[in-house]
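K.L.:
Residues per chain are reported as follows:
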Amino acid sequence: AQSVTQLGSHVSVSEGALVLLRCNYSSSVPPYLFWYVQYPNQGLQLLLKYTTGATLVKGINGFEAEFKKSETSFHLTKPSAHMSDAAEYFCAVLGTGRRALTFGSGTRLQVQP
Amino acid sequence: GAVVSQHPSRVICKSGTSVKIECRSLDFQATTMFWYRQFPKQSLMLMATSNEGSKATYEQGVEKDKFLINHASLTLSTLTVTSAHPEDSSFYICSARGEEGPGGNQPQHFGDGTRLSIL
Chain Y
1 AQSVTQLGSH VSVSEGALVL LRCNYSSSVP PYLFWYVQYP NQGLQLLLKY
51 TTGATLVKGI NGFEAEFKKS ETSFHLTKPS AHMSDAAEYF CAVLGTGRRA
101 LTFGSGTRLQ VQP
Chain E
1 GAVVSQHPSR VICKSGTSVK IECRSLDFQA TTMFWYRQFP KQSLMLMATS
51 NEGSKATYEQ GVEKDKFLIN HASLTLSTLT VTSAHPEDSS FYICSARGEE
101 GPGGNQPQHF GDGTRLSIL
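From first to last, the protein sequence lines are chains Y and E.
Residue numbering for the first sequence follows the working numbering, starting at 1 and increasing by one per position.
Residue numbering for the second sequence follows the working numbering, starting at 1 and increasing by one per position.
Calculated from the structure, these hints are not laboratory results.
Just so you know, even glycine gets a beta-carbon here, dropped at the ideal spot from N, CA and C.
Hints may be right or wrong, so weigh each one.
What the hints assert, rightly or not - To give an idea of the chain E side of the interface with chain Y (calculated C-beta under 8 Å), a few residues:
#1 Ser43
#2 Ile93
#3 Pro107
#4 Gln108
#5 Gly111
As the list claims (entries may be wrong) - So these bits of chain Y aren't anywhere near chain E, every CB distance computed over 12 Å:
#6 Gly16
#7 Phe63
#8 His75
Said to hold, decoys possible - So the derived label-pair ranges between C-beta atoms look like this:
#9 Y:Gln110 / E:Met45: 34 to 44 Å
#10 Y:Ser70 / E:Ser9: 41 to 51 Å
#11 Y:Ala1 / E:Phe39: 13 to 23 Å
With the rest of the complex left out, here is chain E (with noise of 0.2 Å):
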């Protein structure tokens, strides 16, 4: 089946420095990703959707200035944390989806997921 590797699984970094996470479609070309944020026995929240090409979308209160997503490629994007704080311990996780045809039904696939803590 179809395979989201993101990378990496775990970081821990200081307040200031800011992360990348990379998420990548391994066998199928990723026209739309998302990406979402989990606070502990939470659902996921949407923060942003990226389309190949394009401006990611961001949901509603969330900060693209704070965090910048990239989709340069049918088959990655990225996930930059700029200067982290404490308050953006969490965990991420990205999904792919293909090019959607008639009916729109086309599966998200998730990674994996990224557990972020700041100190």
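Isolated chain Y, as found in the complex (with noise of 0.2 Å):
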């Protein structure tokens, strides 16, 4: 079985500012992890991914994520905040079975001007 955690289920920065999401998981496999990113009243877009290879992973709109196995984490990075990054975020790993994606429970991303 594998699980997801995020903490912190709001996190506010000021635009400009470093953005830090942090996702821990549990896995009985090697893991493959995803951040996704979820707009009001939509869908969740795949901002980017991490199966094998390079540990740092980056994604799209300026996102990138770091693969550490040694603290089970997959916290998501961007340098600089921007007003449309404010959204939820959702961390997830896909593990035994590799069938269906467990997700976290979220972390709303407020940017303040």
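Please assemble the complex out of the two chains, which come individually in their own frames, going by the hints.
P.N.:
Listed below in structure tokens is the structure:
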């Protein structure tokens, strides 16, 4: 079985500041890890994913995440927040059986002007 | 990129009626489709997984007679909420995945969701 924990249901940053959204996972097999973004009343858009290979993964909109096996983490970062980054962010893991994604509880990012 | 179309985007109907939600993969063949339910300000909860041409696999606690899933073709899956009641009101999201190759890392592509409101 697998699980995902997102620390902080709400994160607020100033425009131009660093964005850091935390994600820890558990998986009995080498995990595939994903970050999705959801805007109000919309589905999910894939930001980035880690499957194998390079542990620092770059995604769309300037986001990146680093897979750290020793810390079972896959934190999402962006050097400089933009107002348009305000949304809900979900970390997800594809673990045993590579069946369906297991999502974290989500983190709502607010960007203050 | 891969596009998944979900229709309708919003439904309001009376208690007791049945509602059908469609999920289509527009530019790829979706061998597997997933249906999720999302309560306000909460995460996505997997309801069921469907593979084209076979019966859906439901998650524990999800009533298969209440939530009928059909995946009759490689581009279309439907979720029918039968005899809907106010407690079925929620945001329903589908996702689709193409055929898995070695390593099983085909991404899931999500529809825009359907907001179902039962009066």
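K.L.:
Each of the hints needs a verdict: does it hold here or not?
P.N.:
We went through each hint and held it up to the structure:
1. Ser43: E:Ser43 check passes; min Cβ-Cβ to chain Y is 5 Å, inside 8 Å.
2. Ile93: holds, 5 Å
3. Pro107: With a minimum Cβ separation of about 6 Å from chain Y (threshold 8 Å), the hint on E:Pro107 holds.
4. Gln108: holds, 6 Å
5. Gly111: holds, 5 Å
6. Gly16: Y:Gly16 is indeed farther than 12 Å from all Cβ atoms of chain E, at 27 Å.
7. Phe63: Nearest chain E Cβ is 16 Å from Y:Phe63, so the label holds.
8. His75: holds, 18 Å
9. Y:Gln110 / E:Met45: 34 to 44 Å: violated, 25 Å
10. Y:Ser70 / E:Ser9: 41 to 51 Å: holds, 43 Å
11. Y:Ala1 / E:Phe39: 13 to 23 Å: Because 22 Å falls inside the window, the suggested range holds.
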